[in-house]
Structures are given as C-alpha cells and as structure tokens.
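Line by line, the protein sequences are chains A and B. FYI, the numbering for the first sequence is 1 to 455, going by the working numbering. FYI, the numbering for the second sequence is 456 to 577, going by the working numbering.
Worth double-checking, as some hints may not be accurate.
Listed next, the in silico DSS-like pairs over lysine-lysine satisfying Cα-Cα at most 30 Å (straight line) [stated by the list, open to error]:
| no. | chain 1 | residue 1 | chain 2 | residue 2 |
| --- | --- | --- | --- | --- |
| 1 | B | K557 | A | K316 |
| 2 | B | K557 | A | K48 |
| 3 | B | K557 | A | K429 |
Residues from chain B shown here face chain A by an in silico Cβ test under 10 Å; the list is partial [to be verified]:
| no. | residue |
| --- | --- |
| 4 | D485 |
| 5 | T486 |
| 6 | L501 |
| 7 | R504 |
| 8 | R520 |
| 9 | P529 |
| 10 | G546 |
Now the stretches of chain A that chain B is said to cover, found in silico as 3 or more residues with beta-carbon under 8 Å [what the hints assert, rightly or not]:
| no. | segment |
| --- | --- |
| 11 | 254-268 |
| 12 | 288-294 |
| 13 | 317-330 |
| 14 | 373-383 |
| 15 | 415-421 |
| 16 | 424-436 |
Hints listed in this document are in silico derivations from the structure and should not be mistaken for laboratory results. Where is the CB? At the ideal position from N, CA and C, for every residue including glycine.
Given next are the chains, with one letter for each unit.
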Amino acid sequence: MSHTVRIGSGQGFWGDWLEAPVRQVEGGPIDYLMMDYLAEVTMSIMQKQRSRDPSLGYARDFVPLMERLLPDLVRKHIRVTANAGGVNPRACAEAVLETARARGLAGKVRIAIVTGDDLLDRLDGLLAAGHPLANMDTGEPLATVREQVLSANAYLGARPIVQALARGVDIVITGRVTDTGLTLGPMIHEFGWAPDAWNRLAAGTVAGHIIECGAQCTGGNCLVDWQRLPSMDDPGYPIIDVTADGAFAVGKHPGTGGRVSVASVTEQLVYEMGDPTNYITPDVVADFTTVRLAQDGRDRVTVRGVRGRPPTEFLKVSVSYFYGYKAVGTLVYAWPDALAKARAADRILRARLARLGAAFEEMLTEFVGVNATHGRLAGPPHADLPEVQLRIGVRARERAPVERFTRELAPLVLNGPPSVTGFAGGRPKVEEIVAYWPALIPKREVTPHVEILRA
Amino acid sequence: MSLKGRRLRARPAAVQLRHLAHARSGDKGDTANVGLIALKPEYYDLLRRQVTAARVARHFKGMIRGPVERFELPNLRALNFLLHGALGGGGTLSLKTDAQGKVFSTALLRMEIPVPGDLDVR
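Construct the entire structure; sequences and hints are all you get.
As structure tokens, then:
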C-alpha cells in the first residue's frame, strides 16, 4: 500500500501571489489545494467590512480566483481547503457558487462551510459563565477592553474539515481554522487517522506549518545562497507528498523556480516558533525537536520521525479590539549632510508638536538607511550618505493629536532644513489601531458546524 | 572582511555569526522569535555553547524591553530565541519599520563569537 496524497499550498496570506494557486493546479498533479488567508489581525479587518456590508467579511480575492480555477479543479478532481471565509464563510461560499453557475458548472460544485468559530455574539454569555478570556500575554481579563472588542474567534482544528471532506464536497471554506488544520484535515480524511494517532497528527501539523506560508519554504525569503536561487520570477510553491504512516516529502512542480532544500525548510520550521517541544494545536501538540529532515534529490526534502502528544482542553481565541490611532510619515533628505538634516527636521517637528500640546503615547523616529532595522547594532553611519529617509511614527488613544501630526510634516518641506524630497504621496494617513488579544476557552464551549451548499 | 574559503590560524578568532549560521525571524505579539540555524553541522555545538540567552540579551541591550529565552533544536542544528518586548508593542500597535520582527534575524547575525582556530570557517 503506497497510497500517496499530494497537497499543494496556493496562498500563504491574504495578499499573496495570485498566480501561485493557478500554477499549482496547472503545473502538475495535486489532490488538494490548500490556501491560508488569515493572519492575526485579518479577522478584525473582515469584521469591519461585514459591519459596513453584511455580504462582505471574507477574503474577496478568493472568488475571482475560484472563478478562474473551477473548470480545472472539477476536471482534475482537485479539492480545495481554504480559510478564506473569514468572519462570513457563507457569503464567501455563495459568491463562489454564483460564479460556478455563471460558468455553467451548476450541479457540479459542492461547497462546505465550517462555522462555529465566531464568538462575538456570545462574549457576554461566556464572560458571565466565568470564562475570563484573559490575555495570554498580560493576564488581564477581557472585561478591561470588552466595550472595544471588534471580533472574537476560536481557532478550530482539522476535525470539521475532515467531516466536510467525508461528505464529498469539492471546496471547504472555513472561518478561523488553524493554518495547519487546512493541511492536516485532508490527511486525516484520506488515511482515516484515529483521533489519538498523535505522531501522525503531529506529522500532518508539521507539514501544515511548513507549507502555510507558501514559498517561504521553497526559497522565498531564504538567506542561504539567495543570489543563486534559480528563476525566482516564477517560484514553485510547496507540495507535500504524504503517506499513511505520516512520513512526507516537501517538493514543488518540475520546471518552477526557487529551491527546496534542508536550509529552506528549516528556516520555515523555525518561523514564528515558540517552545519547539510544545507546538499546540486543537488536534495535537507537536514536538518540533523530533523532526528529521533529509535532502532526497533535487528540490525534495523528506520529513520523518515527528512525535506528538494529546492536545490541551482549550482552544485559542483571537480577540481584536479598538485601541486608538497612529500615523507614520516620511521625508527624504539628500547629500550633503543628509543625516544631520534629517535629525534637525526631527527636532524641529518635535518642538512644534510640543508647542501645540500634541501628546502621544509614543513617538518614534527612525532614519532609514542608518538605523531603522538594526538600531545601534548598525554601528556609526557612513560619513557621506547620499540620502537618508526620516521616518516618524506617532500613536495616541485620541485622534486629534495624530491628525495634527499628519499636518505638521509637509510644511517642513518649505520651512525646514534644505535638500528635502519624497513627499509626493501627500499627508500621512491617520490609521485606526485594532489590537490583538490572545485568550483561551475550554473546548466544550465551542461547537464547530459544517454545512453543505451546492451550485 | 570575508572569511570565505580561508582557513583560520590556531588561535581563537572573533567571527560574525553570519559566517556560521543563517536565521529567520517572526513575531508573536510583542515578542520576536529568531531561529538561528548552523550553516554546517559541525558549527552547531559551537553555536550552542557560545550563543547563550545571556549573550543574546547583551547583544540586544537597549533594543528590547523583556528577557530572552532560548530553546535548542539539535535535530535541526538550530537554536530558537524568544526576544520579549522587542517590537514596540507588537502587531498593529508598533510604530517600527520592522513591526513584525522580520529582520531581527539579521541583527542577530551581526553578533561575533570566538571560534577555535581548527574550525574550518568557509
């Protein structure tokens, strides 16, 4: 029995390369196309969109993408798992079904939506029932920011995706499901892994972690030998070949660019890593110190030995809340004395804002080209820099001081230090800050729900 | 100064981590993580001995507000560092260019550690 399942990653975040999923479908055989759309703050953006228009609140890119891919997906029997549903999986699914009908695929496309993750309307009940939803980083109870909460979603695991696939659907659209669950779900479905097959579940979770950021494991953002990676204009996105025992290989379609190496996969394995022995998901706790990698020919890395153990009794909840306002503005100062001019402009601006009584929770000045990314570790600046970008950010709970800041930057062009440019973009924009609040909830309080819709 | 292809003399020399390791970083709230990966298997023990949590905390002194934690992944010949309070509030609150700690990894690669003379650094 050497049944192998191929899972390709098509999106690593909402805004990733639109050609990637198309190339995954056209470039060779795959069984599943997995697409991750949700970062920590994405849900709050979607919540805001839904509050303005009840038919929105999902990754809108997903619909034209499906329109483009559906005929091929149907013809090749490729199934899709995507958390593109955001805070409105139903609207997302209905939009996809509408395009399916328009393309003459009525009756041929079945979509499952996974819901039950959205806790926003239940928050007060949960708090009243004694769940503090305390901030995992600070320990503060949610009650301190309750009035400002914009979204609250539990991270569901792979199980509802498995239920959906078992019902024969072509596309599974979820809300807040773990990134790794989108990859693990198809594996559990295909191989019938038991709920306590900890090592296999952990292997599927590691596979999910490796491909959840798209090309970040196939040469993208990889420091090793980056100048010699082939054809990065057309990078191959990762594909997992997994067998029933949980052993798998990471590869990509032939003829694509980038590189799958032990180095590229290891960089992705440690990305956003906490305690590597304790990678917690709703389905399993994976131990990343048991992962064994080996190069198996060109652009293929095998992964074995992964061990896991039972998960906790809790689900993580991602809460977002309104915090305040911020703005960031930039000006570019040219040689000679570029850095001295930028520093002078910063002093002048700060003095003017202080005189106006504009108070900020924080005001940060960076000199891009000098210290913005490495701070003092960058060492003394070059004496004769051709230009320096002055970058100033402010944050406040009230809008007014931030608004005033955005009006104080441009005047410096005419009434400040010389040789300044780079202000064509106009005034900086005042941005609303939606902050992130990670919390835990007992699993018994959350019931995932699967529903089938058809074109 | 490039050390590429040059065999070092017998006494310990200070070598920048970029010649011994590669790295990737990311964020979790106001914490940046940096995964430091040996460029060659034989460098891992040296990294484990020299790149301690205390030394990393000193390297980033004044740039991070919280403690540094270190985890070992000998299977990947990697060390994972958590730099707490590194991102100016983190996520959407941060005003920094590198609000998500994406290039903290390269800032760590600036660190110098003593390397025994008989270790081939290329």
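(request) Enumerate the violated hints, using their earlier numbering and listing them in ascending order. (result) Those not satisfied are hints 6, 7, 8 and 15.
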